[in-house]
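Participant: The chain contents come next:
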Amino acid sequence: MTAIEISCAEVWREISNYLGGEISAELRDRMQAHFEVCRHCSAVLDGTRNVVELVGDGRVFPIPEGFSRRLYRKIGPR
Amino acid sequence: MPGEAPQQLDSNEEGLIRRVCNGEAAAFEELVRPYERVVFLTAISVLRNSADAEEVAQEAVLKAFANLPNFRAECKFSTWLVQITYNEARMKLRKDRRHLFDSVDEPQEGEEGDYSPRDFADWRPIASEVLENDQTRQALENAINSLSSMYREIVNLRDIQNLSIKETATVLGIPQSSVKTRLHRARLLLRDALAPGIDGRWSAKQDYRKVRPW
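Sequence lines, in order, name chains A and B. Residue numbering for the first sequence follows the working numbering, starting at -7 and increasing by one per position. Residue numbering for the second sequence follows the working numbering, starting at 1343 and increasing by one per position.
Don't read these hints as lab results, they were simulated from the structure. Incorrect hints may have been included.
Here are the simulated BS3-like cross-link-like pairs (lysine-lysine), alpha carbons at most 30 Å apart as the crow flies [what the hints assert, rightly or not]:
(1) Lys1434(B) / Lys1405(B)
(2) Lys1405(B) / Lys1437(B)
(3) Lys1522(B) / Lys66(A)
(4) Lys1434(B) / Lys66(A)
(5) Lys1418(B) / Lys66(A)
(6) Lys66(A) / Lys1405(B)
If you want the footprint, here are the derived chain B segments under chain A, 3+ residues with CB under 8 Å [stated by the list, open to error]:
(7) 1381 to 1391
(8) 1476 to 1485
Predicted, not measured: the structure shown is a model, and the values here were computed from it. Idealized CB from N, CA, C, for every residue including glycine.
Based on the sequences and whatever the hints tell you, model everything.
Facilitator: What follows is the structure, given as structure tokens:
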């Protein structure tokens, strides 16, 4: 089996599942081999991983100041 | 919940729920506190407006409080709370838009089709300090707000809140396969929106200019 046996389009389709570890070991190996020889797909992989990292970082989406204090006010005094 | 064997609760939450249901209302805040951020971000992912999101968050918490005795622990408490918030936010969106003949439910066409990335710019690893950069935050917020609601909501639940695929499917009322497909497309759309750099200077005919902050 050669590395290029999986197409770029197939790789793009599975990149999210690849990042989440939600693919078979066989597919993972084929994709890894593809990334080693395909600069485009490697760039897409890195970019998508960066997106997941950026979006998932708690510092990027702060909640408004005082939100916690105001959240329960409709319930009334407890 | 009381009297039943919960399947999805940790013992601490189970105890808190029991206390609230037994009349100790103050325990409710302790129960919800770990999920305050999730509630707000879920609301704003639907409404895209901080004031509206706060209002919906308060309504959702009130509804969760009132309905807690009916919670059957068929899912985690957090999933149940997020589902209430999501439904409240959708209801508000429908109510606010009812005079506009504008459907809240966006077309699903093309969801299953393949998506091809628009550019292949290399993207260096993100430095930690960049995440605290206001410009980065704004670029990311703009990129997420540019997504249609079905992609925005998926990104919020999966990548921001780290809900599992199953939990996300429960909240949105869609199959797990659709969660995967939508998340995948949303991530590639975000990548396309962010890869050219925050000022958008990218041209396929020119060398890539390193204008990104990372």
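Participant: Next, verify each hint and record whether it holds.
Facilitator: Against the structure, the hints come out as follows:
1. Lys1434(B) / Lys1405(B): Distance of about 14 Å is within 30 Å: holds.
2. Lys1405(B) / Lys1437(B): holds (18 Å)
3. Lys1522(B) / Lys66(A): violated (36 Å)
4. Lys1434(B) / Lys66(A): Holds. Lys1434(B) to Lys66(A) sits at ~17 Å (cutoff 30 Å).
5. Lys1418(B) / Lys66(A): holds (24 Å)
6. Lys66(A) / Lys1405(B): Roughly 10 Å separates the two Cα atoms, so the pair holds.
7. 1381 to 1391: Coverage by chain A holds here, the residue count being 3 at a Cβ distance below 8 Å.
8. 1476 to 1485: Answer holds; 4 residues pass the 8 Å Cβ test.
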